[in-house]
Structures are given as structure tokens and as C-alpha cells.
Amino acid sequence: MTAAELAARVGGTVDGDGAIDLTRLASLEDARSGDLSFLAHSRYEGAMVDTRASAVLVRKDWDGKCSCTLIRVDSPDAAFAAAAEALGPEVVHFKAGVHACAVVADDARLGEDVSIGPCCVVEPGVVIGARTVVMAGCYLGHGTVLGEDCKLYPHVSTRERTRIGNRVIIHNGTVIGSDGFGYVAGEDRTWMKIPQIGTVEIGDDVEIGANVTIDRARFGKTVIGNGVKIDNLVQVAHNVRIGDHTAVAAQVGIAGSASVGGHVQMGGQAGVSGHLSVGDGAIVAGRAGVTKGVPAGEFVSGYPAMQHGKAAKLRAHMMRLPALKQRVAEIEKELADLKKRLDKVS
Amino acid sequence: MTAAELAARVGGTVDGDGAIDLTRLASLEDARSGDLSFLAHSRYEGAMVDTRASAVLVRKDWDGKCSCTLIRVDSPDAAFAAAAEALGPEVVHFKAGVHACAVVADDARLGEDVSIGPCCVVEPGVVIGARTVVMAGCYLGHGTVLGEDCKLYPHVSTRERTRIGNRVIIHNGTVIGSDGFGYVAGEDRTWMKIPQIGTVEIGDDVEIGANVTIDRARFGKTVIGNGVKIDNLVQVAHNVRIGDHTAVAAQVGIAGSASVGGHVQMGGQAGVSGHLSVGDGAIVAGRAGVTKGVPAGEFVSGYPAMQHGKAAKLRAHMMRLPALKQRVAEIEKELADLKKRLDKVS
Amino acid sequence: MTAAELAARVGGTVDGDGAIDLTRLASLEDARSGDLSFLAHSRYEGAMVDTRASAVLVRKDWDGKCSCTLIRVDSPDAAFAAAAEALGPEVVHFKAGVHACAVVADDARLGEDVSIGPCCVVEPGVVIGARTVVMAGCYLGHGTVLGEDCKLYPHVSTRERTRIGNRVIIHNGTVIGSDGFGYVAGEDRTWMKIPQIGTVEIGDDVEIGANVTIDRARFGKTVIGNGVKIDNLVQVAHNVRIGDHTAVAAQVGIAGSASVGGHVQMGGQAGVSGHLSVGDGAIVAGRAGVTKGVPAGEFVSGYPAMQHGKAAKLRAHMMRLPALKQRVAEIEKELADLKKRLDKVS
Numbered sequence: 001m002t003a004a005e006l007a008a009r010v011g012g013t014v015d016g017d018g019a020i021d022l023t024r025l026a027s028l029e030d031a032r033s034g035d036l037s038f039l040a041h042s043r044y045e046g047a048m049v050d051t052r053a054s055a056v057l058v059r060k061d062w063d064g065k066c067s068c069t070l071i072r073v074d075s076p077d078a079a080f081a082a083a084a085e086a087l088g089p090e091v092v093h094f095k096a097g098v099h100a101c102a103v104v105a106d107d108a109r110l111g112e113d114v115s116i117g118p119c120c121v122v123e124p125g126v127v128i129g130a131r132t133v134v135m136a137g138c139y140l141g142h143g144t145v146l147g148e149d150c151k152l153y154p155h156v157s158t159r160e161r162t163r164i165g166n167r168v169i170i171h172n173g174t175v176i177g178s179d180g181f182g183y184v185a186g187e188d189r190t191w192m193k194i195p196q197i198g199t200v201e202i203g204d205d206v207e208i209g210a211n212v213t214i215d216r217a218r219f220g221k222t223v224i225g226n227g228v229k230i231d232n233l234v235q236v237a238h239n240v241r242i243g244d245h246t247a248v249a250a251q252v253g254i255a256g257s258a259s260v261g262g263h264v265q266m267g268g269q270a271g272v273s274g275h276l277s278v279g280d281g282a283i284v285a286g287r288a289g290v291t292k293g294v295p296a297g298e299f300v301s302g303y304p305a306m307q308h309g310k311a312a313k314l315r316a317h318m319m320r321l322p323a324l325k326q327r328v329a330e331i332e333k334e335l336a337d338l339k340k341r342l343d344k345v346s
Numbered sequence: 001m002t003a004a005e006l007a008a009r010v011g012g013t014v015d016g017d018g019a020i021d022l023t024r025l026a027s028l029e030d031a032r033s034g035d036l037s038f039l040a041h042s043r044y045e046g047a048m049v050d051t052r053a054s055a056v057l058v059r060k061d062w063d064g065k066c067s068c069t070l071i072r073v074d075s076p077d078a079a080f081a082a083a084a085e086a087l088g089p090e091v092v093h094f095k096a097g098v099h100a101c102a103v104v105a106d107d108a109r110l111g112e113d114v115s116i117g118p119c120c121v122v123e124p125g126v127v128i129g130a131r132t133v134v135m136a137g138c139y140l141g142h143g144t145v146l147g148e149d150c151k152l153y154p155h156v157s158t159r160e161r162t163r164i165g166n167r168v169i170i171h172n173g174t175v176i177g178s179d180g181f182g183y184v185a186g187e188d189r190t191w192m193k194i195p196q197i198g199t200v201e202i203g204d205d206v207e208i209g210a211n212v213t214i215d216r217a218r219f220g221k222t223v224i225g226n227g228v229k230i231d232n233l234v235q236v237a238h239n240v241r242i243g244d245h246t247a248v249a250a251q252v253g254i255a256g257s258a259s260v261g262g263h264v265q266m267g268g269q270a271g272v273s274g275h276l277s278v279g280d281g282a283i284v285a286g287r288a289g290v291t292k293g294v295p296a297g298e299f300v301s302g303y304p305a306m307q308h309g310k311a312a313k314l315r316a317h318m319m320r321l322p323a324l325k326q327r328v329a330e331i332e333k334e335l336a337d338l339k340k341r342l343d344k345v346s
Numbered sequence: 001m002t003a004a005e006l007a008a009r010v011g012g013t014v015d016g017d018g019a020i021d022l023t024r025l026a027s028l029e030d031a032r033s034g035d036l037s038f039l040a041h042s043r044y045e046g047a048m049v050d051t052r053a054s055a056v057l058v059r060k061d062w063d064g065k066c067s068c069t070l071i072r073v074d075s076p077d078a079a080f081a082a083a084a085e086a087l088g089p090e091v092v093h094f095k096a097g098v099h100a101c102a103v104v105a106d107d108a109r110l111g112e113d114v115s116i117g118p119c120c121v122v123e124p125g126v127v128i129g130a131r132t133v134v135m136a137g138c139y140l141g142h143g144t145v146l147g148e149d150c151k152l153y154p155h156v157s158t159r160e161r162t163r164i165g166n167r168v169i170i171h172n173g174t175v176i177g178s179d180g181f182g183y184v185a186g187e188d189r190t191w192m193k194i195p196q197i198g199t200v201e202i203g204d205d206v207e208i209g210a211n212v213t214i215d216r217a218r219f220g221k222t223v224i225g226n227g228v229k230i231d232n233l234v235q236v237a238h239n240v241r242i243g244d245h246t247a248v249a250a251q252v253g254i255a256g257s258a259s260v261g262g263h264v265q266m267g268g269q270a271g272v273s274g275h276l277s278v279g280d281g282a283i284v285a286g287r288a289g290v291t292k293g294v295p296a297g298e299f300v301s302g303y304p305a306m307q308h309g310k311a312a313k314l315r316a317h318m319m320r321l322p323a324l325k326q327r328v329a330e331i332e333k334e335l336a337d338l339k340k341r342l343d344k345v346s
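Top line first, the protein sequences correspond to chains A, B and C.
First residue of the first sequence: 1, per our numbering; consecutive thereafter.
First residue of the second sequence: 1, per our numbering; consecutive thereafter.
First residue of the third sequence: 1, per our numbering; consecutive thereafter.
Read the hints as simulated data drawn from the structure, not as lab findings.
A couple of the hints might just be wrong.
Which copy is meant is left open, so a pair is good if it fits within one copy or across any two.
Pairs of lysine-lysine, DSSO-like flavour, derived with a Cα cap of 27 Å [as the list claims (entries may be wrong)]:
hint	residue 1	residue 2
1	K95	K193
2	K65	K313
3	K193	K60
4	K325	K340
5	K65	K333
6	K333	K95
7	K95	K151
8	K151	K193
No experiment lies behind these values; they were computed from the predicted model shown.
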């Protein structure tokens, strides 16, 4: 594919040799002749000088220098995604049909062109929408409902009555619908289990990473809204609600009955305490520990999490604590001097 | 089932219409006519006004107002658990017997009415107690001993010689008995693996969440006491000991050879450093980082974790750092003024 | 085996009765007659007095008192590893060959004496080196290349085109090559997935714990160097590079495109933000949150992570904040007194 052909495909304009041939995708650093690369962030601008890429996707208004062909686009990230379909490695394809080594209940209802891999177990009452791919070793519990065009990577498991929307991607080893962590302390100081009779409901266009755990509700349901993106090793406790198009980075923990709004962004290893509410559009920085409600649109960081500007200011104050202590010591000395002088005068 | 019948079943008394019919369980907010709900915490009292539940489980001494039938009990939580058996969704039942697609060693000893699901692998020397259910895709390593009435959800795996007590529940994807993280630094600065030849021993009535990891001991054993409850994605390192009836919330990490007492409560994302001891009945707040031993009964929080009252006080001092700095600046100004006045006088 | 025989085997010298018979390994505390134990750290020296071990491995220059036979060695840890082979429990052995219940693609290339357990799925194009053991329920995606003498515990999964070196150990439930967490925000504020077309490359002599997640690169590759050791529940994001012989403790998270040098040590629950660099030989303390680059050889701790000595000093200052505030209050009082006295004089 020539640079000009690719530019047409991604809605960009060629700045340089449009006839040059592109065969592969690579980062600016790794690129060799024949490669298409991209400049997503000014952080990497330095690499533009030395890159051996044949062409680079850049923002329309990028004004740096580069000896290779530029393809100017609105969003290099989005254009790269489109280019990946043309130049990326062949995508793995799973054949429709039920593998001979899968165990599928007689009453399971499978849509058109569903693919069930080897060693999958599909329990009674399961419903799977058209074109959904369930890869090797997945377990779908009783009455699980899976929408159309979903992709479950190997070893995913769902518990009974889990409901999952359309175009949902779930990565390897993730568990949906495990019991919430709920006990009552008995008088003998042992724990009595509270039945977790609710379920989990996942919207459309959701992507969930690997080895994630999402607990079923005590009753009612744990809800993951449409378009939500969840990274690896995240914990979502019982009765949590996550609003549409929220993004949750790796190793975040959201405690029981917490409600996270829509379009929220949570950085890695952050945590939200139980029963709290994080408002729409809020940003929770990585490692932040949310211990009280976060208003819509607020950017919080630190532990306990507070408005980010305030947190940054406090941190600056803390860094200057040694200097402050020094000033207090000097004041004490001066004060003693003044006293002595005053003693002489009075 | 009528409200009166349910009250009898959970040991409560009816306050209102005992003849009303109950068919389902729901939260106060979601409840409709025919639903039983419950008020577990004063936090939710506001929802009592508007709930459309037909009946609500409340504490004996609750004196709020509600137009629906009340069922007064000692513990609404415990009563709800009992009610769930009567009104909850049908519990999934797994047939006794070994599924045709399971691979069970000839010498494995299975108790009465044991259920082994499809795609399970049971290695030589395994012993499983009566009525235990091992769901699809579990792996029981050589010589694993599982007690009676246990429930292993799909994809659980145990390594060789793991011992598990009676009535233990283990959720999907959890790993018991993986090698501890132990190496010796060689003179060439590479790591030499220290054999992890110990094992894991889990008591009775334990519940372990999803995707948890519990490492086998270097030698001797990693011990999880009776009645311990562990939430999802928790890490228990080699040679850790957890005392009876301790509860460990999600994403906690307990480092090698640490000893956590009985009746301890650990909040989510907390951590305990290696070789430390957390005393009986201690409470470790969520996200606390324990870097030295915690006395029995102590409540610690923060990082490094300290007595909670002290941590709260320190945090308050930190929040007032800007004000303190301001005071110091004012003092410096006044001091300069005083000096000038004194210069004039003397 | 006698103490003298064992000493010969581990390259040590006997101090005491060399004829004494050794049959088992145990910790100093648990040891009984017939047991060999070892003293790895002065921390445990107290246990030497009461141990009932028949013999103990100690450093050559250890000068404490013990009534049992001592076997003096350069490194008790290393000697213990050697002794484990002689006195430890029998190591589980997996037969070479493909289990009847495994599903292996026709074109997969298996080296000599490879062992593939039951319920494994090996996709087309996979290559597995000689003597490698793939235990029950593993999934090897299309074109995965596994070296010689590797050991994959049950339920490990690799995605397409993953490359793994020789003598690599991967524990249960770990996922290699899942998609990185990459999206572009569209104008309608929904997330568009960025294709993750790269791969993961793992060197020789690597060990990876249980339920770990290592994401494939956006393009290019995520790289785990030779001799790297990774503990349980660690998250390694897309395009991360970890240098040779680095050790990463449990629950650590390394964000996208971060570069961790060689011979680095990271403590449990630590985190590294995206695009940062941690230099060779650096030490990142447990729970440290690295938010800017760490120079080679530096020891950092705290959040935000800073040079450890500085972090410790700051923490000490914080602990003395109440005292500082007290001093400021006293200064204010004295200042007021001085003012009054000055008023009288002037």
C-alpha cells in the first residue's frame, strides 16, 4: 500500500512522497524502511529526527522537521487504529461452531455463527448472541446472557444469571459474578455469610481486562454501564455501579455499593471506599484513595484523596517542612535575643 | 409466603399486616409490591419513607415511620440471610458424580455424593470429602486433601499436598499453593531459586474470593485458620499465618512469614510487610501499610501505619500546614517590627 | 543420609556429630529429631537455642551456641536449596507426551519429551522446546513460541505470537499477551479502541508468579529480560521493558511504556507511572509510587517516591508536626509578652 493510498484510507493528506510503499507498522524508534509510524504526543518529537520510518502520521498542524513522508491527520491515534487494519499482523480468526471438546447444555440458545472453543463449559439456560466468540476454557454459568459480537478470551468465567451486552470484550481469566464479600458478625465473633443473590449487568461496548473480578450484588445488581473500559486486575465489589464511558486503570479497587459516575477516569491502583459516590466526569489520579464523595468534574489525588490543586499545594508545604522548622528555630533564637535586649532596657 | 410465616421463620415479630404475601427480595429503593426488603443500617433510613416494599426487616428497637409491614428482628442482616433461602432465586445445584469430561486419577478417593464438573483434572493421591462440589475446570494437584461440603467454583487450582478443611468455599480462578517468591542473590548478581517445599493448610469454614493467590511455604506450611474470610485478588505470601475468623478485604497483600492474628479485620488494598506480626483483634484500615508489628486490639491506619487516632491527628496537622506557615510568616513580621521599636528605645 | 554426607553434597564442613541421620527439612521452630534446619538470618538466631533439629546449616563464621550438629557453609540459603533435592518431598513429575484430553493443532511443533497436560489447548503455529512441561488447562495462542525446559503450571494462557525463552517458569492463572489498555477519546466522549498489534517477549530463566497479567505492546513488544523474577498478581502494561535480573514483588503495577532497568528490586504493591524510566540497580521500596524517573542505583520510597533518606527525613518532620505547632504557639505567646513589655518601656 502506498502512502497516498493509506492517507486516503485514514482521511489524511500526504506531505512528501505519496508513492512510497508501506508494509508494516512500527514505533518511531524501531521503524525501518517500509514502515509507517506515528507521532501521538510531543513527548516523542525528538525521535522524528532519527526515525527510519518511510512515513509518519502526524497532527495536521505539526510544524517540526522530518526527512520522511508525513501523513497529516486530525488524530494520529485514530489514524493508527485504522492503519492497523491494513498493515497490522493478520488477526486471529475463530471458526463458527461448537468445538467437539466443549460441553454445552442442551437448552443453551446459540445465535448465528457463534464460536465455542475447546474445553468451554456452557451451563443450562445460557443465551449467546450472534457472532459472539467464546474462546477455549471459558465457563458460562446457568442462565448467563451474552449479547452479539462479543469476544471472551480463554478462561473467562461468569456465574449464574450474569447479563452481558453487545460487542463486549473480556480478557483472559476474568471472573464476572462471584459472590460479594458480605458477612454478619455473630455473637460468638464468627462470620455468618450473607447470601449474595443479586447479579451483574454489563452494558454494550464494554472492554474488561485480564484477571479482573466483578462481584454479583447482594441483591439487585452490580452495574457496568455502556462503553466502560476496565484494565487488568481491577476489583469491582458487590452492588457497585459504574456509569457509561468510564475508564478504570489497572489494579483499581472499588468497594461495595460505591457509585462511580459516567465519563470518569480512574488511574492505576486507586481505590474508592464503600458506599461513596464519584460524580460524572471526575478524574481520580493513580494511587488516589477516595474516602469521601467526589463532586462531578472534580480532579482528585492523594490519600485521603482531595481536590488535586489542594493536594499538590499540601505536598509542596510538606516538602518545605524542614525549611519551616529551620525558620521556627531562628525565630526562637531572635526572640531570646530580643528578650535579653529588653531586659537591659527595662 | 406471608409476612407472618416469614417472621416465624426468621424469629421476628410482625408489626402491621401479617397476611401480606411476599414473593421476592429487593433493596429498599428497588422494591415493588410483593417484595421483602431490609434496613441494615441507619444510613439507609431515608429510603424507608418512599419504599414500595410490602414488608421490611428492621431492628427490634427501630422507631422510625414506614407505611409498610415491619418485621422486627435482632439482626436484619442475619434475618435477610435466612429469608434469602425462602424467597431468593433458585440456588444452582450440581449433580453428584464425576462428569464424563473430567480427568480423575485412578487412586483419587472421592467421598459420598462428591460432584466433579467437566474439564476438571484430579491428580493422583487426591482425597475429597463427602458432598464437596468441584466445578468445571478446576485442577487439584497431587495429594490435595479437600474436606467435606466444600464448594470450589470454576478454574480454582491447588498445587500438590494442599490441605483444605470442611465447608470451605473458594471462588473462581483462585490459586492455592503456588511457589513462594524466594531467591538467593548469587555472586554474579543473578537470582537462584529457593525450593518451596512446604505446603498450604486451610482450616474449616473458610471462604476465599476470586483470583486470590496463596503461596505454599518455603518449608513447613502457610496457614489459613478456621472461619477466615478472604476477598478477591488478595496475595498471601509463603509462610504467612492467618488466625481464626480474620477477615481480609480485596487486594490486600500479606508478605512472607508475616503473622496475622485471629479476629483481625483488614481493609481493602492494605499491606503487611514481611516477618511482622499483627495481633489478635487488630483492625488495619483500608490502604494502610503496616511496616512494624501491630499490638493486639489496635486500630491502625495510614502509611506507615500507626495507631488510628494518632494518624488522624497527624493528618489534621498536615491539612493545617498552610495556616501554620502563614502564622510563622506573621511572627517574622512582628518580630522585625519589635526589633525596630527596640532599636529606637535602646 | 548422614550429616557428613549432606555436608559433602552442599560443600560444607561438619561441626559436631557427622554420623547423625537426617531425613527431613524443617524450620528451626518446627524441627524434630532427624530434621535438618538452617539459619539464614541473624533474626532467627534466638531459635537456635531451643531447636530440636539434628543439624543446622549455618554460615561459616557463625559463632553462636547450639547443642546440635552444625554444617558450616558459605550460604545457608543456597545450601538449603541443594539439601531440598536430597531431603525434600518427592518432586511431582509429569510424563512426556500429549494427554488424550488435550487439543493440539496439527501443525504445532513439539520438541523432544514435551509434556502437554489434559484440557490444554495448543493453537496452530505453536512451537514448544524440548522437555517443556505444559500442565493441565493451559492455553497457548496462535504462533506462541515456548523455549526448552519451561514449566507452565495449570491455567496459564498466552495470546498469539507470544515468545518465551528457555527455563521459564510460569505459575497458575497467569496471562501473557492480553491487549494493552489503549483508547482514543472520540469527539462524542466515547472511547475508541487502539489496536494492540504488538507482542510480548520473555527472556531465559524468568519466573512469573500466579495470576499475573502482562500485556502485549501496542506495537513492537513488551519485553521481560533474562533472569527476571515476578511475584503474584503483578500488572505489566503494554510496551513496558524490564531489564535482566530484576525482581518484582507481589501486586506491583508498571504502567504503559515504562522502562525498568536491570537488577532493579521493586517491593510489594509499588507502582510506576507510564513512560517513566527506573535506572539499573535501583531499589523501589514496597508501596512506593514512582511518579518521575529514578536514577540508576537510587533507593526510593514513599508517595510520591523520592530518595529514601529524604523520604525518611520528611516523615520524621511530619511526625513532629504537633511539636512544631506547639512551639509556634509558644512563640506567639512570648511575642505578645514582649510587645506588652515594650509598650511599657516606649
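A quick look at each hint next to the structure:
1. K95 to K193: between (43 Å within a copy, 23 Å between copies)
2. K65 to K313: neither (39 Å within a copy, 47 Å between copies)
3. K193 to K60: Between copies only: 21 Å across chains, 59 Å inside a chain, cut-off 27 Å.
4. K325 to K340: both (23 Å within a copy, 24 Å between copies)
5. K65 to K333: For K65 and K333, neither the intra-copy (60 Å) nor the inter-copy (54 Å) Cα distance is at most 27 Å.
6. K333 to K95: For K333 and K95, the Cα distance exceeds 27 Å both inside one copy (83 Å) and across copies (80 Å).
7. K95 to K151: within (13 Å within a copy, 30 Å between copies)
8. K151 to K193: between (34 Å within a copy, 14 Å between copies)
Checked against the numbered hints above, the structure breaks hints 2, 5 and 6 and satisfies the rest.
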